[in-house]
Amino acid sequence: MRTKSLGRLAAAASAALLLLGGAATSAQAAAPGPVVYSIDFSNPQEQDNNNLPEPYGKIWLQAPWGQQTTLWEHPDVGINTPTLPRYPDDGPFTRRYVDHPVAALCAVVGEDDTGINPDDELADGCVPVHGPGHYTINGADGSVTVHLLDV
460 MRTKSLGRLA AAASAALLLL GGAATSAQAA APGPVVYSID FSNPQEQDNN NLPEPYGKIW
520 LQAPWGQQTT LWEHPDVGIN TPTLPRYPDD GPFTRRYVDH PVAALCAVVG EDDTGINPDD
580 ELADGCVPVH GPGHYTINGA DGSVTVHLLD V
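If you count by this note's numbering, then the sequence shown holds residues 460 to 610, one letter each, in order.
Please note that a few of the clues may not be correct.
[Said to hold, decoys possible] The following label-pair restraints were derived from C-beta to C-beta distances:
(1) T542 x P493: 26 to 32 Å
(2) F552 x P491: 26 to 32 Å
(3) P587 x R555: 36 to 42 Å
(4) I538 x P587: 35 to 41 Å
(5) P493 x G537: 32 to 38 Å
(6) V495 x V536: 17 to 23 Å
(7) Q504 x G590: 28 to 34 Å
(8) G492 x N539: 15 to 21 Å
(9) I538 x P493: 24 to 30 Å
(10) G574 x P491: 42 to 48 Å
(11) Y556 x V586: 18 to 24 Å
(12) P587 x L511: 26 to 32 Å
Just so you know, these hints were derived from the structure itself, not from any lab. Glycine included, each C-beta is placed from N, C-alpha and C at the ideal position.
All chains, full assembly: derive it from the sequences and hints.
Right under this line is the structure:
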């Protein structure tokens with residue numbers, strides 16, 4: 460009877476080690492490092508003279524414990540908020556070093572409509588990140604899509 464108990468204990472210990480090994484692998488996959496990305500801003504109802512959005516706000520990557528790394532940020536400067544349908548506007552992608560694991564992508568992005576009508580909401584919220592891919596955060600009036608090429 461004692462042999463069966465020791466066998467069960469050994470089996471339980473082996474299962475625990477396998478589970479811990481899997482957890483270590485997951486943690487290593489989410490290790491800090493460079494993030495390569497681009498951002499598309501979409502506002503289907505934009506109707507000014509160029510039909511392009513003037514976004515303002517913040518987009519960031521978030522660790523499981525809440526630490527943030529900003530990917531893009533711009534203040535609302537009224538009629539001087541620049542037109543920006545895509546970021547970066549001078550290349551296909553950009554890169555940022557993230558010093559924490561990434562659990563979520565978050566955005567709070569408005570779109571300036573000074574003098575025409577109230578500002579639009581392009582994005583407000585967070586989505587879980589599971590590696591490279593295309594992540595869209597919606598708002599009441601549009602969306603923001605972040606293309607994570609390497610995370």
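- Which hint numbers doesn't this structure obey? 2, 3, 6, 8, 9
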